[in-house]
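According to numbering that gives the first Met the number 0, the sequence shown holds residues 0 to 396 in order.
No wet-lab data here; the hints were simulated from the structure. Here the structure is a predicted model, which means the values were calculated and not measured. All C-beta atoms, glycine included, are put in the ideal place defined by N, C-alpha and C. Any given hint might turn out to be false.
[As the list claims (entries may be wrong)] Distance windows between CB atoms, simulated:
(1) P312 / T255: 16 to 22 Å
(2) V338 / N313: 26 to 32 Å
(3) G326 / T273: 17 to 23 Å
(4) T144 / V187: 44 to 50 Å
(5) V204 / A329: 56 to 62 Å
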Amino acid sequence: MAINKSIIGVTDTGATITIDDGNSVESPAKTAVKVSYTGDDVSLTFPATDQTGLTTWTANFANYTAPTGVSAAAVASAIEAFMDTASSTVTVSEVTPGTDADNLGKVVGAVAGATDVGVATLAIRDDVLTTLGDADGDYVQLRTTSTGAQWTRDTVLNAVLQGTGTELRVDVLSVVPGTGASSLGKAVDSAAGATDTGVMGLSVVDAVLSAITPVDGDYAPTRVNASGALWTTISAGEDHMGSTGGNSAKLASIITTTNGTAYTSGDNIGGVNTISNASRVNGGTEILMDIDIWDTDNQSAPLTIDYWSVTPPNGTYTNDAAQVIAGDEAVWLGRVNIVAGDYETTGAVATVSLKNQGLVVNSASASTDIFFTIKVTAAPTYTSTSGFTVYHGFLQD
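Construct all of the structure, not just a fragment, from the sequences and the given hints.
Written as structure tokens, this is what we have:
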């Protein structure tokens, strides 16, 4: 610092020495101060021989405006001179730092530079985070663990992240999971991967499938039996989980015969006869397994029985008249022949019992009925209009 060669020593019993630009330097009573002022440079010093009884020396720069061209080094040197004085105190009302790379100040939003200068933040190590003596609203230091990690705390969660204490409880309004292989979410219709991550579903053991309290429309857990098999139910309908067998049905048809008149070979007996509910469902398929005949007139007449999916529309099927089947091949299902040797007479009744016919038949799409016609190949005479009964046994699908 430049010091003017003409130094004026001032000794004053007052508290203030005034420099010509109106700024003041306050000093303790009866303390000599040497002031050097050369326009742009200011130096304030205490002679070592004049510091007897000095306790506090204050330089007030609150209103000081440096003349044009005064360097920061000049001001720093002056302050340094004050601070070199034993027990001196400097009061600075305001400091405005620069914002360049080598200044301590930085502008909000400015881009960080590779060589920027700043002030390191210090924190106090506090391994167990002890309680402070400060009151709410006081300034306190930052504190860290033994590894330098800064202590933080969420006052809302108050959760324990490690060790024991209050468990973490979080209310989440919505979660949108990812759909990648390592994410819990998976997109509908996406292909399964060999290493996909998911969430295991849990079920409640209910060995006897007891009633539950939720009402229709409520959420409820899936339930399993004592072996862990998932309880399921099939609503009434025609769904099949797998066919291991069929339903059987034996259906009787009473044939209306002509009383007291001999039939001619080739005649129809009884017209077109209906086997109601031969199929389990509309359009169903079944297997004709058994044919049984009960003839109370003991005629034991050989017969040809033709089966139809609907009433045959084109032929002639009138009782006690020659049967003609031409034109009805589209609805014909097959036939079974009964010969005289198939009958067995017990008392005055002739019976037939044919097993395992294996004829596959089916009803029309909107019906469960099968139809049949009988043609005689002999000349029987029946004395009763209701003494001839045919039974059909079906294995239904």
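A329 and V204 - C-beta distance against the hinted 56 to 62 Å: holds (58 Å)
16 to 22 Å as the expected CB spacing between T255 and P312, which holds or is violated: holds (21 Å)
Cβ distance range 44 to 50 Å for T144 and V187, holds or violated: holds (47 Å)
Beta-carbon spacing of G326 to T273 - inside the hinted bounds 17 to 23 Å or not: holds (20 Å)
Hint check for N313 and V338 - Cβ pair distance inside 26 to 32 Å: Cβ of V338 to Cβ of N313: about 28 Å, so the range 26 to 32 Å holds.
Checked against the numbered hints given earlier, the structure satisfies every one of them.
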